[in-house]
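Quick note, the sequences are listed as chains F and D, same order.
If you're matching positions, the first sequence starts at 1 in the numbering used here and goes up one per residue.
If you're matching positions, the second sequence starts at 1001 in the numbering used here and goes up one per residue.
Treat each hint with caution, since some may be false.
[Said to hold, decoys possible] Just some of the chain F residues that point at chain D, by a computed CB distance under 10 Å:
1) P49
2) I130
3) P136
4) L697
5) A698
In short, the hints are calculated from the structure, not lab data.
The structure presented is a predicted model; accordingly, all values stated were derived computationally and were not measured.
Glycine included, each C-beta is placed from N, C-alpha and C at the ideal position.
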Amino acid sequence: MSAPAAARFVGTSVRRVEDDRILSGRGRYIDDIRLPRMLHGVFLRSSIPHGRLTGVDLDAARGLDGVVAIITAAELEGVAHPLSTRPDVPDVARPVFTVLASDRVRHVGDPIALILAETRHQAEDARDAIVVDYEPLETVASIEQAEDPARPSLFDDTDSNLLYTEATDYGDPDGAFAGARVVRASFAPARVAHVPMECRGGVADHHPGTGELVYYATTQSPHALKLGLSGVLSQPAEKLRVITPDVGGAFGQKAMLNREDIVVCAASKLAGRPVKWVEDRIENMTAATHARSETVEIAAAIDDDGAILALDVNLKIDVGAYPALPFPPSFLGPIVRTMVTGPYRIEHLRWANTVFQTNKASYGTYRGPWAIESLVREVLIDRIAYELGLDPVEVRRRNLVRMDEQPRKMATGPTLEGVMALETLERASELIDQDSFRREQADARAQGKLLGLGFATYIEPAPGPPDFMSSVGMQLPDERAVARLEIDGHLTVITAQAPHGQSHETTLAQVAASEFGVPLEHVRVVHGDTQQTPFSIIGTGGSRAATMASGAALHATRAVKDKVLEMAGNMLEISPGDLEIVDAVVMPKGDAERGIPLAQIAMAAYFMGVEGEDDGLRSTAIYHQPPGGWSGGTHACIVEVDPQTGVVEIKRYVVVEDCGELIHPAIVEGQIRGGIAQGIGIALLENALYDEEANFLAGTFMDYLVPTSMEIPTIEIEHLHSEPLAEVNYRGVGEGGTIAAPPVIVNAVADALGGASIGVVPMTPEYVLALVDEAGI
Amino acid sequence: MRLENSFNVPASPEQVWDLLNDVPRVVPNMPGARLDEVVDENTWKATMAVKLGPVALEFAADVRREASDGSARRTMLAVKAREVKGRGGATATIESTLEPDGDGTAVMIVTDLHMHGAVAQYGRAVVPDVAGQMVTQFAANLAASLGEGPGPAS
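With the rest of the complex left out, here is chain F (with noise of 0.2 Å):
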């Protein structure tokens, strides 16, 4: 008798189901697909970062061999309308603007053309033989230059750069800050790049006798590109379907309608054949979106003890010159303010959010879009521990939602429960022995070397609570899922879910396997595809799917077993409820002799139908969100800052954090360090730079430095697990890692240096040095 099939695989390591596939090279992403009769799309872009384009010469390039057409504004007109943030969005500039830049060129990576030859070197060949005349205009590269009135507006339709502004008290902040003692801090990350392994690309298959059009994206939200393209395209839907083949990573950067999407699938229909677009390395890092372009001032009114009484935030954003659409440039500051408060016990916040154009690339969400708030609060505690002269552990543990206070609505709004951060905290604290690292930090000390030691502690909505985005101005949908009962006994399973690294495969079917009471294997996951999946607007993005895509698969899962008992029932004349499924076999509970196999009640299934059921016994859910909806955790790390060479070593990681009960362990530790690893990216090594002129410098490797498994440390990682608050008691972790390292390492060099302030990641060897100097080490 085998154990109970629910404990057979939810919280297994098991083989991912993806392995065999992408680890032996079998994956099918954008650049293996290969239609008929094929063109190849290369894009003519901006070199200037602003100015009028006086003249685009196509004629050397139209005669060159292969060139089969080229795309400009002219030949999109009543084939791609132009674009703008929907109207329904409040009180934000909304710009018009042209799928391909038609009379003036707004960044550098600005798409002018699509060159569509019958090879890819012959369209780039000739991309190169287009001759551009600009008429430079003044530039815009900066949040300040944004601001200031002199600056010309980036369109000629918005008087300013200016394209959103908020302003908010929660609370009474005012009484608070009033005679409080003050402790202030800021922050300007520089802008940071996606960096996706794939970049971003897609084939547009127009079918001219059919009318119907396929375009295979790259995408994390395949419903949401449909939906986009469709209207753009005046494509009806019933002739528009998306599918999403393997996705080599996105965190973020795939959830827009890109401009590019627009033109490709036009480019197909106007030349009537399937055109593939593949973005390279330079494209994807100049054109594609960058994240994390903001400045913020923070001020804490504090009491003696240390008791934060109120939040002080104001946060400026460069969304660069374009919206990244469907998000308006009003989408991320709200996130930040419903989160800035996090896990403590903040009762009043002022609050001020102002969004500007540059002439950058487009801003697009990045693995926890909303971080600022957490990397500027996390260093602000800190701050407040070294101007009070006490532990920032201490502070933390004075300030943080005890268990026993929840549940308990944040300042803004939702409401926290089952949030471990406390012992998140006491915990790392413990693993990290504060009390002997000091005695090693003064004696390393003593031979000139300099240690320093940091906390983080975060909470991230995955998916949050039911009243989590109702607090952001947000409506999410619930989640949907699809399960069927195959011919044979397996079971497929429909996801919304669009997974690009987060192994949905591997891990919606070990819910829907231990459910069902099957082998992992009779269980597929199928997902990317609109014709078959359920609807999201979403796809796959905020730290959603170990909730409601689980949640999801299990009651379409738990739907279909109810009708296979009720049908196996009939046929052993046994109540449904006295029946069991093991190993793929129905029987009464405990009695293997008088079972049926699965696969002969799906085959009366199908061959005798069943009154009113689809084929298959198929069955739809609708996940609704549950209470709690909190991960979380603390990190703490130790660096070494090198005073003669301004590097900084990462020591030691430890992470302890809270994010319910683990369906498969390899996967969410696997998304943990990830997670980390674009933190410490953000912390000490990246920047997508532009000059003051706007000119992009950090197009190659060479210039834009991502962490490597040098700088990457071994992270120790222990699970702490809350009561659960619901049946479905999985969430989300991927965004945390990011969320939380930043501070992390910012508060251990800081401690390094003695308490220094620091206002600017990356923390570059430059920048540790001239910290060094000012600290007079």
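Let chain F serve as the given structure and place chain D on it in line with the hints.
Frame of chain F, contents of chain D only:
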């Protein structure tokens, strides 16, 4: 980006002034440069090949004389250049001033250079060094043109 370079030529300021104002004669003295077309007496088209580190670039340039002040021995050229493979471009004003220096002439060149596109990205760090080397070679070639040396280096 502002680049300042200077060199000495063993010839009188008058001789150097005459040469510097004869753009078709001057251009071949610049390493990698070739005169393609004389548009009018103040406008020329030229091609210039430059190696910036590992990257070989070729620019198609429109050169225009903006000012020429014989009494102050000061000329100003404006250059607008496009990298022929679409990797960006550059605009520059080049101000040259001559002063007597012993038996010869000191030539001061102040270049205000704006690069854009990929050129700006590759070039930023190495341009000052490359420009310095080019000016040194330019000076040697110029001296040779003035009959003091073995002839222009290529």
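Check: Can you name, in rising order, the numbers of the hints this structure does not satisfy?
Finding: none
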